[in-house]
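K.L.:
Single-letter residue listing:
2 protein chains.
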Amino acid sequence: MNALKCFRKVGGVVAVALGVTLLAVAWGHAQTDPLPSWNGTAPKKAIVAFVEKVTKEGSPDFVPVAERIATFDNDGTLWAEQPMYFQLAFALDRVKALAPQHPEWKDKEPFASLLKGDVKGALAGGEPALAQIVMATHAGMTTEEFDQIVTDWLATAKHPTTKQPYTAMVYQPMLELLAYLRANGFKTFVVSGGGIDFMRPWTEKVYGVPPEQVVGSSIKTKFEWRDGKPVLVRLPELNFIDDGAGKPVGIQLHIGRRPIAAFGNSDGDLPMLQWTTAGRGARLALLVHHTDAAREWAYDRTSATGRLDKALDEATAKGWTVVDMKNDWKVIYPFEKP
Amino acid sequence: MNALKCFRKVGGVVAVALGVTLLAVAWGHAQTDPLPSWNGTAPKKAIVAFVEKVTKEGSPDFVPVAERIATFDNDGTLWAEQPMYFQLAFALDRVKALAPQHPEWKDKEPFASLLKGDVKGALAGGEPALAQIVMATHAGMTTEEFDQIVTDWLATAKHPTTKQPYTAMVYQPMLELLAYLRANGFKTFVVSGGGIDFMRPWTEKVYGVPPEQVVGSSIKTKFEWRDGKPVLVRLPELNFIDDGAGKPVGIQLHIGRRPIAAFGNSDGDLPMLQWTTAGRGARLALLVHHTDAAREWAYDRTSATGRLDKALDEATAKGWTVVDMKNDWKVIYPFEKP
Numbered sequence: 010m011n012a013l014k015c016f017r018k019v020g021g022v023v024a025v026a027l028g029v030t031l032l033a034v035a036w037g038h039a040q041t042d043p044l045p046s047w048n049g050t051a052p053k054k055a056i057v058a059f060v061e062k063v064t065k066e067g068s069p070d071f072v073p074v075a076e077r078i079a080t081f082d083n084d085g086t087l088w089a090e091q092p093m094y095f096q097l098a099f100a101l102d103r104v105k106a107l108a109p110q111h112p113e114w115k116d117k118e119p120f121a122s123l124l125k126g127d128v129k130g131a132l133a134g135g136e137p138a139l140a141q142i143v144m145a146t147h148a149g150m151t152t153e154e155f156d157q158i159v160t161d162w163l164a165t166a167k168h169p170t171t172k173q174p175y176t177a178m179v180y181q182p183m184l185e186l187l188a189y190l191r192a193n194g195f196k197t198f199v200v201s202g203g204g205i206d207f208m209r210p211w212t213e214k215v216y217g218v219p220p221e222q223v224v225g226s227s228i229k230t231k232f233e234w235r236d237g238k239p240v241l242v243r244l245p246e247l248n249f250i251d252d253g254a255g256k257p258v259g260i261q262l263h264i265g266r267r268p269i270a271a272f273g274n275s276d277g278d279l280p281m282l283q284w285t286t287a288g289r290g291a292r293l294a295l296l297v298h299h300t301d302a303a304r305e306w307a308y309d310r311t312s313a314t315g316r317l318d319k320a321l322d323e324a325t326a327k328g329w330t331v332v333d334m335k336n337d338w339k340v341i342y343p344f345e346k347p
Numbered sequence: 010m011n012a013l014k015c016f017r018k019v020g021g022v023v024a025v026a027l028g029v030t031l032l033a034v035a036w037g038h039a040q041t042d043p044l045p046s047w048n049g050t051a052p053k054k055a056i057v058a059f060v061e062k063v064t065k066e067g068s069p070d071f072v073p074v075a076e077r078i079a080t081f082d083n084d085g086t087l088w089a090e091q092p093m094y095f096q097l098a099f100a101l102d103r104v105k106a107l108a109p110q111h112p113e114w115k116d117k118e119p120f121a122s123l124l125k126g127d128v129k130g131a132l133a134g135g136e137p138a139l140a141q142i143v144m145a146t147h148a149g150m151t152t153e154e155f156d157q158i159v160t161d162w163l164a165t166a167k168h169p170t171t172k173q174p175y176t177a178m179v180y181q182p183m184l185e186l187l188a189y190l191r192a193n194g195f196k197t198f199v200v201s202g203g204g205i206d207f208m209r210p211w212t213e214k215v216y217g218v219p220p221e222q223v224v225g226s227s228i229k230t231k232f233e234w235r236d237g238k239p240v241l242v243r244l245p246e247l248n249f250i251d252d253g254a255g256k257p258v259g260i261q262l263h264i265g266r267r268p269i270a271a272f273g274n275s276d277g278d279l280p281m282l283q284w285t286t287a288g289r290g291a292r293l294a295l296l297v298h299h300t301d302a303a304r305e306w307a308y309d310r311t312s313a314t315g316r317l318d319k320a321l322d323e324a325t326a327k328g329w330t331v332v333d334m335k336n337d338w339k340v341i342y343p344f345e346k347p
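These protein sequences, in sequence, are chains A and B. Each number in this note's numbering corresponds to the 1-based position in the first sequence with 9 added. Each number in this note's numbering corresponds to the 1-based position in the second sequence with 9 added.
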């Protein structure tokens, strides 16, 4: 046999081996469901159909990678939000931690009620009371100090009913959805009413969303020098509320282009879904409906946290995808996985 | 020869072929200079040394890809800024274009002077006059309409002295630098005092920087419904000035982590460079010094546009990299390339 024949002979062996490998890979792909925690109901079908449509080159619905922007609300969409927003739990814990430095709080509302354990009484003061709690706990330190405070709190705080760390109470099906979209060329953003700097210390690790892809509410910061080093100090002054009609505004300011897919769970997400679906071409708008009182919580039209009322009506009218958590999700949290 | 021998024989041939290929690749690499428009002077050496250091796994200066954030000023750093900021030229052209709809401008400053061709007289009113011009030309329309207005202007407007389109007056060496950093895992951001929505329509095409990686000054926008469709309307109200001490603030708000490399050309960039270099580990701070009156412009400590005074002193004191455009750059603009 000369070298050429050798090549041919070996080539044949390689070709067979390659064929077997390709078959195995194809089979592997068919076997690998990117959304294993989703039941095969309508929402999963709608998600997969949308992704296949916009990623298929030559199709009329094809969207170039650069324009595959997907925005996710956080509270109630990516992680739980009951019995209160987790950031509020953080603020309340901080009031307790800071109380020794603030003897005046004993006689000053809303702090006095809070320190007596009366959360409801403290929050009876409405938005001004809430603003006082937020500013007392979120401002005054540098951005790096705040990052560390959030990180330290998350490392030890436990949710009152599940006794799990708060970052464990993320929705497994949504983690799979984030990864599935990214595997298909999407850039995934968090667009939340929550504090932008409360989320950034952990979104990369928990959601795979880096700090620069987090949009949220903010207070003002100021560049100044402390001990000969430049710092950014967090001021007790509101900068932006990234909720309701603020969400499209935040999206424009931070992202600068319209998402083609948006995910929310409450009326605060309605303008984001309207803005997203009003663009040309294929669009996906999805609402997570909290229907599972056994595994999570069941709430919608009358809930103080995460009210879903007008957005539910509009989703029905416009044919948006609504996830029925009880029926559409096999598991809720990663820690439930067998 | 049995199959095994065949494999060995073919293997030898393949090994030789592979060796030749690898040599060719290595040679090709050695031949391909990622910064061909830079002379081999100190700035180029500093850039390459920095990039090699932070990308070398196992080195004490190694920086993970996710943290390789580089921020670039725009006016005077990525494109020219003389005889006036290009965005100001845009605003002046818009005043002329809009004049027929504003008969009252004939008798109202700063518009009256502008329409008579007296730019200096119009701008004699200082910041309030400038603010009036900006709001009259940048607000009132939707974000999509403004995007189109900028795009249309750039398609036809020519620079007064070079007669080139404004987007042709970008610095070839900086385009190479942007590409070189991205090829080494950096995420490149524009952080400019210019209008965020004035830059976004073209930064992706011209710099390879997508809209979501542009940070800039902004006016407020409002979500509302027009003709049954949701729109974002640009309001004549300042939102944020991304200049001077505002740059670290803008970086924190949009990016949420500290850059490891920052590039500027004026005192307005000094806080960004201070913020960048105050972080731990290897850092690169670079100033473009406009020293080439023949090929571009020569200006620094006394220029009204792009003043470089305090930052030049601090660069000298701290050993930051200063580009002498005349001596360090082989070409200035892409249209000069042979």
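Just so you know, not all the hints are guaranteed correct.
A pair holds if it fits inside one copy or across any two, identical chains being indistinguishable in the list.
Claimed, not checked - Heads up, simulated EDC-like pairs for lysine to aspartate or glutamate below, C-alpha to C-alpha not over 20 Å straight-line:
| id | residue 1 | residue 2 |
| --- | --- | --- |
| 1 | Lys105 | Asp156 |
| 2 | Lys172 | Glu246 |
| 3 | Lys167 | Asp102 |
| 4 | Lys238 | Asp333 |
Source of the hints: derived by calculation from the structure; they are not laboratory data. Because the structure is a prediction, the values reported are computed rather than measured.
K.L.:
Each hint needs a verdict: does it hold in this structure or not?
P.N.:
Hint check:
{"no.": "1", "hint": "Lys105 to Asp156", "result": "within (19 Å within a copy, 49 Å between copies)"}
{"no.": "2", "hint": "Lys172 to Glu246", "result": "neither (34 Å within a copy, 47 Å between copies)"}
{"no.": "3", "hint": "Lys167 to Asp102", "result": "within (11 Å within a copy, 59 Å between copies)"}
{"no.": "4", "hint": "Lys238 to Asp333", "result": "neither (51 Å within a copy, 29 Å between copies)"}
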